[in-house]
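*Asks:* Listed here are the chains, written in short residue letters.
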Amino acid sequence: MIGLLTAGTINAQVVDTSAIELFETLEEVQVDMDPGISLSKKSVLSKELISEVELRKAACCDLSESFETNASISASYTDAVTGTRQIKLLGLEGPYALYTRGNLQTMGGLSSVLGLALIPGAWIQSIQLSKGPGSIVNGASAMSGQINYELRPSFTKEKAHFNLFAGPGRFEQNAIYTWKQSPRWSSNAMVHGRQQLFRWDGNNDGYLDAPLSNHVFVQNAWQHNGKNSEAQFGIKASYIKNIGGSTLYGYPTLVPIWSHELKTNRYELWAKRGYFLDGGINRSIGTQLAANYQELESYFGTRTFNAQERNLYGNLIFQDNIRDTRYTLKAGLDYNWRNLDQEIWGRTGDYNILTTGAYAEYSYVASPDGEGLSLILGQRLDYLQDFDGGSKGFYPVPRAHLKYTAGPWSFRSQLSYSYRVATLGSEYMGYMANNRSFEFYNETQESFELPVEDAITTGQSIIFTKDVFFKELQFYFDVYKTLFMNKAVFDFDNTLDSATYYYGYANGAMPYSTSIQVGGQYELIHRTMFKFAYRYQDVKQVNTATLGEYEPVLEEAILYVPHLIYGGVSYSGRKGLGFELNATYNSSQRLPTAGYAERSPAFTILNAQFSKEGRAYGQIYVGFQNLLNVRQLDPIVGGDLPFDGNFDASIVWGPIMGRQVYAGWRYDLRFQE
Amino acid sequence: MALGAQNKFTETTIEVDGLCGMCEERIENAAYLPGVKKADWDRETHQLALAFRNDKVTEEEIIASINEVGHDVKDHPATDEQYANIHGCCKFRDAEQRKAHGLTEEPLCKPGETHEEHPAHGDKRKH
Numbered sequence: 001m002i003g004l005l006t007a008g009t010i011n012a013q014v015v016d017t018s019a020i021e022l023f024e025t026l027e028e029v030q031v032d033m034d035p036g037i038s039l040s041k042k043s044v045l046s047k048e049l050i051s052e053v054e055l056r057k058a059a060c061c062d063l064s065e066s067f068e069t070n071a072s073i074s075a076s077y078t079d080a081v082t083g084t085r086q087i088k089l090l091g092l093e094g095p096y097a098l099y100t101r102g103n104l105q106t107m108g109g110l111s112s113v114l115g116l117a118l119i120p121g122a123w124i125q126s127i128q129l130s131k132g133p134g135s136i137v138n139g140a141s142a143m144s145g146q147i148n149y150e151l152r153p154s155f156t157k158e159k160a161h162f163n164l165f166a167g168p169g170r171f172e173q174n175a176i177y178t179w180k181q182s183p184r185w186s187s188n189a190m191v192h193g194r195q196q197l198f199r200w201d202g203n204n205d206g207y208l209d210a211p212l213s214n215h216v217f218v219q220n221a222w223q224h225n226g227k228n229s230e231a232q233f234g235i236k237a238s239y240i241k242n243i244g245g246s247t248l249y250g251y252p253t254l255v256p257i258w259s260h261e262l263k264t265n266r267y268e269l270w271a272k273r274g275y276f277l278d279g280g281i282n283r284s285i286g287t288q289l290a291a292n293y294q295e296l297e298s299y300f301g302t303r304t305f306n307a308q309e310r311n312l313y314g315n316l317i318f319q320d321n322i323r324d325t326r327y328t329l330k331a332g333l334d335y336n337w338r339n340l341d342q343e344i345w346g347r348t349g350d351y352n353i354l355t356t357g358a359y360a361e362y363s364y365v366a367s368p369d370g371e372g373l374s375l376i377l378g379q380r381l382d383y384l385q386d387f388d389g390g391s392k393g394f395y396p397v398p399r400a401h402l403k404y405t406a407g408p409w410s411f412r413s414q415l416s417y418s419y420r421v422a423t424l425g426s427e428y429m430g431y432m433a434n435n436r437s438f439e440f441y442n443e444t445q446e447s448f449e450l451p452v453e454d455a456i457t458t459g460q461s462i463i464f465t466k467d468v469f470f471k472e473l474q475f476y477f478d479v480y481k482t483l484f485m486n487k488a489v490f491d492f493d494n495t496l497d498s499a500t501y502y503y504g505y506a507n508g509a510m511p512y513s514t515s516i517q518v519g520g521q522y523e524l525i526h527r528t529m530f531k532f533a534y535r536y537q538d539v540k541q542v543n544t545a546t547l548g549e550y551e552p553v554l555e556e557a558i559l560y561v562p563h564l565i566y567g568g569v570s571y572s573g574r575k576g577l578g579f580e581l582n583a584t585y586n587s588s589q590r591l592p593t594a595g596y597a598e599r600s601p602a603f604t605i606l607n608a609q610f611s612k613e614g615r616a617y618g619q620i621y622v623g624f625q626n627l628l629n630v631r632q633l634d635p636i637v638g639g640d641l642p643f644d645g646n647f648d649a650s651i652v653w654g655p656i657m658g659r660q661v662y663a664g665w666r667y668d669l670r671f672q673e
Numbered sequence: 001m002a003l004g005a006q007n008k009f010t011e012t013t014i015e016v017d018g019l020c021g022m023c024e025e026r027i028e029n030a031a032y033l034p035g036v037k038k039a040d041w042d043r044e045t046h047q048l049a050l051a052f053r054n055d056k057v058t059e060e061e062i063i064a065s066i067n068e069v070g071h072d073v074k075d076h077p078a079t080d081e082q083y084a085n086i087h088g089c090c091k092f093r094d095a096e097q098r099k100a101h102g103l104t105e106e107p108l109c110k111p112g113e114t115h116e117e118h119p120a121h122g123d124k125r126k127h
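Here the protein sequences line up with chains G and D, keeping their order. Residue numbering for the first sequence follows the working numbering, starting at 1 and increasing by one per position. Residue numbering for the second sequence follows the working numbering, starting at 1 and increasing by one per position.
Hints are computed from structural coordinates only; laboratory data are not their basis. Among these hints, one or two may not hold up.
[What the hints assert, rightly or not] Computed list of lysine-lysine pairs in PhoX-like fashion (alpha-carbon distance at most 20 Å, straight line):
| # | chain 1 | residue 1 | chain 2 | residue 2 |
| --- | --- | --- | --- | --- |
| 1 | G | Lys-41 | G | Lys-466 |
| 2 | G | Lys-157 | D | Lys-99 |
| 3 | G | Lys-227 | G | Lys-180 |
| 4 | D | Lys-8 | D | Lys-56 |
| 5 | G | Lys-157 | D | Lys-91 |
| 6 | D | Lys-91 | G | Lys-471 |
| 7 | G | Lys-157 | G | Lys-180 |
| 8 | D | Lys-91 | G | Lys-159 |
| 9 | G | Lys-263 | G | Lys-241 |
| 10 | G | Lys-471 | D | Lys-56 |
Same shape as in the complex, but just chain D:
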């Protein structure tokens, strides 16, 4: 975590699962809460680059907002109810869909996996 020009700015990146341009739009829109200055998700690396005013918004709030629209954040998966709202072509936990979008690595979270039995993902994936 790097500090911005002033101490009140936090710059960081978090890993968010997703597939396509539609996902990108959804993720960035969800992350762009009041106080957030930058939310830029990379479709290749799945990294969401964030810059925000830490006196106005917290990283947890941003993650919760991303979960709310159905996307999994590393170590913070969305609930199945939240994931169910995602458009059919964006079902990023689905193996077929991942293949169709040229993704080779495993999803952060597999279909049917509940929050409780969800393993810590850690170092399984490389970018």
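Same shape as in the complex, but just chain G:
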């Protein structure tokens, strides 16, 4: 079916049982020209496939900005100075999701928030979004879901891809070049540059709306398709330098100014191998290896945050069919070592942890086209060691997913347990942009407890897909609930000049997040796709002021959007003309009690984009972000006296930049065969 118009078409997915786990999604996206967002009807897990076509509908410059046309994910700034965006899924912050590159773990720990800026949109081929904890093969985290992105493969029709982008003071360049060494070997190199060159202060508060920045990322990846094996490996180096805060940075001033600088280098190596083994129907063995090193130096006014992280990850996966392709067994062993040295808030937030795990997963699919019953039952057992703090323990992680498809209806249900280690510092980097003192409830530097958060997630969803007048109509409805046993929280409510950190079990007061979403899409007018969604969320956190009481109480979490309404129209003409209009209504969000208005105002963001594609010149696009010019006018509180007042740049509920115009160019050079 045609390009954009059939967004929602269920493309020919490789069923879980027929491919080596490692390469499963890779084959999925090789189905050519799949359009827009499609909800998987076949996968037992609740998966949304976001294709390149969809990614092109927004300004989209890195992974954190790739979800503007998606109601499941909200993106917001972590603070008003660093320009860092973070995403929220099922009402939980970005680090509660698992990020994978081609199903191999990537960002975590030090890069769990900042890492999204390291993935340029132009490098991305597609994104797979799973809501709720997914397969245990990828680990025991993924509380809110899994975001799996596939970079442009080197086995492709495009010899080269170029992209240039210009926004207000912001410039980006991307180039990808592919070599085909032989029918078996191929390789590509990707380069990305991004600069924020001009000092932009649209709200005249004396602080930069977006930090001056310079990003350079370079990557080289290899692919090998053997007779009975597949391999991928790569190397990536990333460099970021940002300068934020006062617009007077670098100029001589009479009074000290508040500024922020951040410099980080990250190096990544990864390798995946898969072999089909003799005997059995799809018997295979796969290995995943990753090694990451990152160093970060930064300051926020007088506060410094420096860190180095070393991370090694390995996973050995065995897969086989039992009797026939309907029954699949996966089993494996993995380890994840993360050594983080950091200097933060005058205390150390160091950890040196090793997780070793063993897992087994059984899946059943009644029929290859997904009709009838399908299920996945998984169990893993992890042993978590903290070499610094000495805390260690076993974590059994059970997960169950169930799907039943009958004609146009698909029902899914899941029940999962997950745990993760929260990383003080990097996950709360936005909270450093203030003068608050940090109080660590019941904790001293000597008795620092490794914040192991754990939760139970339940999820239910219904998808209805039917051809109406030869065009696919799709509706969905889903409900997810995440209930935390142990959770780390920063409570900003108690006083104006402090934030209380608490980690642990709150005697019966279990923090939770509920997310309900309903939506649909249909090509109502010729070549024009209409999408809508409504999302309700209810997120509760522990009120740290009541922790001393016998029964602590929960309170509404700050800075999340309880009601969100999304509407999108997308036109794609016959002669390569495209038009997109996306509107998102965000209801009022709760702000910290002390020193702020009780709630933020509700606001609507309207984005529009025009594009024209032609064989000679590629694709040219021009867009407007935030057409209604909605802004949070005072994102920085107490900016006049940053060193002795109640300076706070951490409470950001809305856009800092007003209406913006951007333009870009994309060009694909195809192989002449």
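Here the structure of chain G is known, so what remains is to put chain D in place on it, guided by the hints.
*Replies:* Using the frame of chain G, we list chain D on its own:
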């Protein structure tokens, strides 16, 4: 030719020559004229499944639009000028390209063949 739910809908399939995913996109995009509800080309069988409002668009108009982007429709080949616009890797009349894409049957139209001397294709090909 089958009738749709209402008489104003026509459902039919026509044979269109092409090779790859790029061709598929081009063919379907060309066929998707106002009034067309469905245009789905199968790379294996070369059949383009169509559903359209017969009061708004005719089969001839759809075929003309497909020819315009350079693709041959059974009994309605594209002109050489139209075919010349097709991307190098999609030259479906070329024997080498057909082989590279795993096609064994003859093209609907051979390179250099003019419209006039073009034979009626009829039953030569099986799917």
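*Asks:* Hint by hint, note whether the structure agrees.
*Replies:* Going down the list of hints, with the structure as the test:
no.: 1; hint: G:Lys-41 <-> G:Lys-466; in the structure: holds (12 Å)
no.: 2; hint: G:Lys-157 <-> D:Lys-99; in the structure: holds (17 Å)
no.: 3; hint: G:Lys-227 <-> G:Lys-180; in the structure: holds (17 Å)
no.: 4; hint: D:Lys-8 <-> D:Lys-56; in the structure: holds (9 Å)
no.: 5; hint: G:Lys-157 <-> D:Lys-91; in the structure: holds (15 Å)
no.: 6; hint: D:Lys-91 <-> G:Lys-471; in the structure: violated (31 Å)
no.: 7; hint: G:Lys-157 <-> G:Lys-180; in the structure: holds (10 Å)
no.: 8; hint: D:Lys-91 <-> G:Lys-159; in the structure: holds (18 Å)
no.: 9; hint: G:Lys-263 <-> G:Lys-241; in the structure: holds (4 Å)
no.: 10; hint: G:Lys-471 <-> D:Lys-56; in the structure: holds (17 Å)
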